[in-house]
Structures are given as C-alpha cells and as structure tokens.
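Protein chains: 2
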Amino acid sequence: MRSEFLNSLSRTVGADSLLVGKDACFPYSTDWTKTPGNPLAVVLPRSTPELSKVLALCSKEKVPVVPSGGRTGLAAGAVPTNGELVVNLGRMDSLSEPSLLSRTVRVGAGAVTENVHQHCEKVGLTWPIDLASKGSCQIGGNLSTNAGGLKVIRYGMARKWVTSLEFVKMDGSVLTLNAGLEKNNTGYDLLQLMIGSEGTLGILTEATLKLVPVPEEKGKSIYFFAVKNALGLPYLFEKCRTGPFEILAFEFFSSKCLEAVSNKLGRESKLRGKGEYYVLAEVAGDRSRDAWAEATLSNPLVIDSLVADSSESQKQVWSLREGITESLALTASLRKHDLSVPVDQVASFLQDVEASLFEAKLPIELYFFGHFGDGSPHVNMLCPPSIPFEDFDRACDLFEPKLFGLVQQYRGSISSEHGVGLLKKKWLGFSRTKEELDIFRAIKSAFDPKGLLNPGKVF
Amino acid sequence: MRSEFLNSLSRTVGADSLLVGKDACFPYSTDWTKTPGNPLAVVLPRSTPELSKVLALCSKEKVPVVPSGGRTGLAAGAVPTNGELVVNLGRMDSLSEPSLLSRTVRVGAGAVTENVHQHCEKVGLTWPIDLASKGSCQIGGNLSTNAGGLKVIRYGMARKWVTSLEFVKMDGSVLTLNAGLEKNNTGYDLLQLMIGSEGTLGILTEATLKLVPVPEEKGKSIYFFAVKNALGLPYLFEKCRTGPFEILAFEFFSSKCLEAVSNKLGRESKLRGKGEYYVLAEVAGDRSRDAWAEATLSNPLVIDSLVADSSESQKQVWSLREGITESLALTASLRKHDLSVPVDQVASFLQDVEASLFEAKLPIELYFFGHFGDGSPHVNMLCPPSIPFEDFDRACDLFEPKLFGLVQQYRGSISSEHGVGLLKKKWLGFSRTKEELDIFRAIKSAFDPKGLLNPGKVF
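Sequence order for the protein chains is A and B.
Start counting the first sequence at 25; every next residue gets the next number (my numbering).
Start counting the second sequence at 25; every next residue gets the next number (my numbering).
Don't read these hints as lab results, they were simulated from the structure.
Among the hints, a few may not be true.
Same chains, same label: a pair holds when it works inside one copy or across any pair of copies.
Lysine-lysine pairs mimicking DSS-like chemistry, simulated, CA-CA at most 30 Å apart [what the hints assert, rightly or not]:
1) Lys146 - Lys184
2) Lys458 - Lys234
3) Lys360 - Lys86
4) Lys263 - Lys146
5) Lys252 - Lys298
6) Lys175 - Lys244
7) Lys77 - Lys458
8) Lys280 - Lys360
9) Lys234 - Lys184
10) Lys175 - Lys263
11) Lys86 - Lys449
Could you build the full structure based on these sequences and the hints that come with them?
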C-alpha cells in the first residue's frame, strides 16, 4: 500500500522530486525546535500544477501531508511527527520583476525572504518584514505564520504586506485570492484567513507582496537607557512615541539578561548606572532632540542613558539585545515563552508574573526581554544554579499554568509571533475560547474535510 | 405569533427600545441607495448583554435579523427587504479615553465616525479612516464593510486599524477577538474574517481602534494636471510615487466629468490646456520639488499643470473632484460601478472598457473617475441626451456583462469599497469562484447555522 502510493507519487512528480528513506528525508524532518520528525517521504514539487496533482493523489489515498518551507519555525508547525508526507516548497522560488507603479512583487512560496529583499532592493524597494531567520526562511512560511520580526513597531506584521495569494487545497483545487488588488470588498477575506493558518487550510504556492521604498533613515540614533524599575518602560515608551522622531525599534531587557550577556559573551553595557530594566530605542528623524532629551531624562525613573549616533556604537548597543537568546541558552536549562499583552499593560504584567513566582516559591529564575513597543515580552524561565534539572522541570510544569493564567487574565496571547504549531497547542485554551475553537474546526473542515493537511497542528 | 414575539422582545429590551409600525420604522428601513425596506420592527439595544438576549430570542423563534448602523451604505447591505427585525446599534456609541501609550481607543459600534475623530483629536490622535459619510456612518458599519475612503493610498483600508472586536453571534453568544493586542498568532484570524463580512456572521458591538498622531502635513500642495490620454495616468502616478514628497491622494477624472462639473455646478478648471484626463495629486513634504517638477512636466503626455499651495486654491481643485457625483446625477439617468483592478492596469482597463462599448454600439456614455492610486476607478454609465430611459436601461443590461467580463479578465473586483450587500450579489461570480463561494457558505454556517443573520446579503 505504502510503496504503491510512493510509486504513484514518483510517477506524478518524477523520481528526482521524491526523497525516501531516513537519511534523504532527514534535512526536511525538523525545524529550529529540533522536535524529532518522522516523515513518510519528502516531495519537492516544481510548480503549482504539480503540487495540485500531488495533493489530489494524497487526498484520494488519504495520506496526511505536512507543508514545509525553510524550517526555521519555533513551534514545530512544519514537523511531520506521524509519518506524514512532507511537501517542501523550496523549489518554487520564482521572483518576478517588481512593479514600480504598483509597488508589488510576485514571488513563489519557496523564495527565501532575504533573496526577495535583495531582488527588490535593486529597484529601491523592499518588503518590510525583517526576520532574524531571513537567510533561510521562505515567504510561504512567513505568510503561513504571519511573521513579525524586527520592524513590527514601524510596519506591522506580515499580513499587512500581501495583495494576493495562490494556494492549493487538500483536494488539489487551486485558488487565487485577491490577485494583487489594493481594494476588494467582495465577501469574506479568505486571504487574511489563510495568513497565519499554519498550513492547515491549504498550501501557499505564490504571493504578491506589497513593497515600500528602502527607508532613508536620516538621523538614525539609538537611545540606551537604564531605568529604576518596570514603570520606567511605559514612561519611556510614551516619551519616545511623542518625541521629535520616528521610532524604528523599542526593545527592553531586564538587568539579569544584561548580566548573562556580560558573563557569557563578554559584552558590556557602556552605562555606568544600573537599573532593573534597560531600554534600546532606535529612532530616526532630522528634528532637534535637545529639549526632548532634557525633559525625558529629568525623570527619576531614568537612572542613566547614552545616545549612540555612530554605526559602530549602535552595533555595540544592539549586540547586547541580540546576545540575550544565546547567552541564556549558555547559562542554564530553560523554557521560553513568546507572549503578548496590550502595550499599556506590559509593565504591570511583568510585575504580576514576578509576584506570582514569588508566591509560588518555585526554583525558577525569570528573565524578561523583548519587543516592548509591540506589547510582546519574552518570558524565559531558567534553572537556578545548584538546582537539579528534574526539580526545575517540575517547577516549570507547576508555574506555567499560573503564568498562562495571568496571560488569560490580561486577555493576552500565548504566542505573539511564533504561532501555535505542535508545541503550544496545550496552552491555546488560555488565549482562545471554546466557542472560537469550534469556529476554527468548522473553518478547517470547510477547507479540508478529511483533515489531512498538517494534522494535529494548532488545535 | 408575530405579536407574541414582539411582546417577548418588548419585555426583553423595554418598550422604549422597540419601534413597531411603518412610520416609526421608516428611518431605519433603507440606506443611501433608497432601496425600499420592509422591516418587522426595529430594536435599539443599549448594551451587549441586551443585544445578546435579543439575538438568543430571535434565534429561538427563528426570526431573521438585519444589523444596522448609520445607513449610509451603497449596496443595500443593511436594508430589511423581507420582514426582518432591524437591530440598530446607534445607542451603543460609547467612547473610552484614548490610550496615549498604546495609541488605541475603545468605542461602541454605534459611535459615529466623526465623533470618534473629534474625541481622539483632543489628545492629538486620529483614526485614519476618513469617509465622505463620516458625519452619519458608524464604526460598526465601517468595520462590517471594511470601509476605505479618502486616505486609502496613505493608510490602507479600515481592516488595518483595529486591534479588537467584540461581537454577538446569532445564538446570543458574545465573543471578544484579540483584545487590543498588536501581535497574536494563535490560530485563524477571526477578527479579520469579521471585518468586511457585512453583518452576516455576527453583530459588532465594540472595537478597539488603532490611532495615529494627527498628521502635520508640512508643505502640503496639490498638483493638478491635464494629460493627453490614459497613458498619462500611470506615468504621473509613477513620477509622484518616486517624487520628493509623500502622496496623500491621487485622484483622476475624465474630461467628460470635468465638463459635467462645469455645466451643472459652474465650477471651472484653472488649467488652460485640455486633456482627455485630469489628475489631482495631493502631496506633502519639505524637500525641494523644482527639479522633479521640471522633469515630470517635460513629458508630452502632460498637456498642462498647476500647483495649488494656498488652502483656498487647494479647495478649488478638490471642488472639481468632489462635484463629480452630484453633477453626474444632475446630468442624466445613470448606473454606477465601484470597481478595482491592479494599480498598474487601470489605464489599460479603461481603454478596454471604452473599446468594448464602441464595439457593442450601445447608447451609453461612459464617465470615468476615482482613486487611481488605489487601482479603484468608478465607472459611471449615463443616458445620452435624446435617448429614452428604457433604451438606455436595456443598453446597460446588455453592457454590464461585458463590463464585468472585463473586470473578471483583469482579475479585478466588482466592488472595491462599497461591499456586495443586496445590489451587487448578481455580479459576485465575476470576482469570486464557485470554490470561494462554497467556502463562504461553510464559514457562514459555522457562525450562523440557521441562516438568520442578514439573510440574502452578499451571496
């Protein structure tokens, strides 16, 4: 049965588009989470009609399918864990000429994000979704997960920067949504529904992306602040929001994160004053900032500050923020959560998380950092020195329901950016009601009645 | 049965919230299209719990419901044509304090758009959706129809400017989506699905709107151009897109539209040269434009141009564009269509529409104008002088399938802004495939299995 199906598949796509066997499939079996995968085989279609035939065959034979792109996911959304067929889009990486008039570009789902950037920059345009993984991740994955990244505060999430999608449903039918229109009020917005659906409704094959001119960023500076406590974060955010410039990034981290970066990577802050939290505010604009800076810094919540104007000094400040993930991984065993709450409640949320841990008396150290300006704190739980891993692990299991209970109380999100995939399913009920999940199921079965597409993911 | 239901309803909301009888219901029976309505009664709930009880009762008694706001719709989406109960949201018009920190405001669905603007402008913020109907239309209607309006080229459609929605399903259950989060990747984006669903999935009761600072618009000017033919439109749009300023509006109209404005309203263009088309480009920015203007105007496609810098001269140019709808209505019987195609294909589309009419030899005069920069031309068909209305009407019936056939060929939209409602249903198949409509139906029945909410609208 299984080998008969693989033979049919091989006849459909050609033997060189089908990978069978553990070794050949290995590179397509997992993502950045290293969740172990177990694929039936891997197919690498070259075109939408080819993919359509593959899915029609799978649908007929009831073979479940996992769509896969650059495999940089952080929720195991593209990992085949139950012998599914992996459909990798990497070969469908076409790039059309960007249209200067409509400021759009049509690309294959397998196009690597950084290649799209470079392709469009030749004509002075860019797709404003910028991700740490841009050298490997693909447009199809970016859209399937509604990627965010480094410029959300300025440009928003990926879903804002798309004017058409082509996708193949599990039954093999091909749909094109919106076809590059700026405006189209003709019924339910299936395009937005597809974005962020993590490959459970259809497999994206092509997209038209909206572009912006490559920004000039005149007068780019970084303000780096040490603040007394969490209250300094919203204070500075509001000051920066109303400041004489545009905010390009507004990141924060706790003093513990800074210590880890110093201890593990030897990167030191140039601020002399120490605070409970630090803020990196990248701004641009050509208006005078003197009066603003004087008024802002006079508040006793601000313990110390510096301005980085040169490219080198800016890199130095960014290197502190960018070193956090690595240095925490080098520090101890950890669990990480990518949360969000309304922007004006981040500080109070962090204080409540700390208070909740204090009350629970569990052996966990909390490290807070992330995109303050998007209301999106990362909460990392680390194993304290001298505590056995098992005790820490158990403590995390006990603390997580409290943490997610707080997320629910704040009507926040258990996954601000990374999606739900496989790894965050168990927390989904803290962000979504039973009623919403019922609607999810009905929508899923409208697109994929047999439940063969990315089964077991999201809900 | 009917009076029993109305008695129950009256007990639920109080007699002063229920309007019965033709005269009392009249103001809530139609919209700007003047499509005749025929409501069972009108209910004006004061709160979400009250609305929830109303819908639960209607659901139990199988009474169909039409949600209604400011009744400024142009597709009869809120008109009760078959004895439905009208639920008008006008009393649920609360306005919370805008949050400076998160740049959001929470408002009731019945809040009038202009009141929201004025409320937020007190603290220097605004909701960037600006509509000709803003003095009457309501936020619930703006979101249910994904309103566009005058600033789409700069800010996009309404769906970009919302961070939470509360709505009541037909069974009376209340859902809150997203709760003001900037980032939330936890499953299907039901918030975006609700926006633009024209009251067929649930009744919006509250929204959190994203705000922007009231724009300063330094150095605002209007360039007004006469161009030789349709090719001048994309030429100027590309020049303006790459010009030393930001585009605030990029509108176009044909010479016939200008003649109508002159004949009917006595408003005259200050340009001496005549062109087949005219362009109004409103721009802002403080960089020098001399070199740009010289290079742009040297193209023979540009027949004449002027720059309006004073507020008075800007008003004069805008009055030409704004007078078109009124003057066409004063000129002759007409049918209007609010279409869209990809921005880089508008000129070619208009030429094809003209050629198609020429070939069909039908007694129709075409008037083109609209939002060129959004790819959104209005195509108005007017009755030529001395042609009887019946002949014109028949000609329109014959020409419309050709017109929409062209829309389909360009993969355009039969309704770029106004929605589908009742009046555009028959053309929906030119923009949406059978497959998409099947998905619409499945989604509809996930939210409203009995099909009681805004029945017969959209599809």
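**Message:** When Cα atoms must be at most 30 Å apart, do Lys86 and Lys449 count as within-copy, between-copy, both, or neither?
**Reply:** within (24 Å within a copy, 37 Å between copies)
**Prompt:** At most 30 Å between C-alpha atoms: does Lys234 with Lys184 qualify within a copy, between copies, both, or neither?
**Reply:** both (8 Å within a copy, 14 Å between copies)
**Asked** From the Cα coordinates, with 30 Å as the cut-off, is the pair Lys360 and Lys86 best called within, between, both, or neither?
**Response** Classified as neither: same-chain Cα gap 36 Å, cross-chain 49 Å, threshold 30 Å.
**Request:** Check Lys175 against Lys263 for me: Cα-Cα at most 30 Å, and say if that holds within a copy, between copies, both or neither.
**Result:** Classified as both; 19 Å inside a copy, 28 Å across copies.
**Item:** Status of Lys234 relative to Lys458 across identical chains (alpha carbons, at most 30 Å)
**Value:** Answer is between; shortest inter-copy Cα gap is 27 Å, intra-copy 35 Å.
**Request:** Please work out whether the CA atoms of Lys175 and Lys244 approach to 30 Å or closer within one copy, between two copies, in both situations, or in neither?
**Result:** Intra 15 Å, inter 28 Å, cutoff 30 Å: intra and inter.
**Message:** Within a copy, between copies, both or neither: which one fits Lys263 and Lys146 at a CA-CA cutoff of 30 Å?
**Reply:** between (37 Å within a copy, 18 Å between copies)
**Item:** Within, between, both or neither, where Lys252 and Lys298 count as close if Cα-Cα is 30 Å or less
**Value:** Within one copy only: 8 Å inside a chain, 67 Å across chains, cut-off 30 Å.
**Request:** Using 30 Å as the alpha carbon limit, work out where Lys77 and Lys458 are close: within a copy, between copies, both or neither.
**Result:** Between copies only: 20 Å across chains, 36 Å inside a chain, cut-off 30 Å.
**Message:** My question is about Lys280 and Lys360: at a cut-off of 30 Å on alpha-carbon distance, are they close within one copy, between copies, both, or neither?
**Reply:** Within one copy only: 15 Å inside, 64 Å across.
**Item:** Lys146 and Lys184: within-copy, between-copy, both or neither at 30 Å Cα
**Value:** both (23 Å within a copy, 28 Å between copies)
Consistency with the previously given hints fails for number 3 only.
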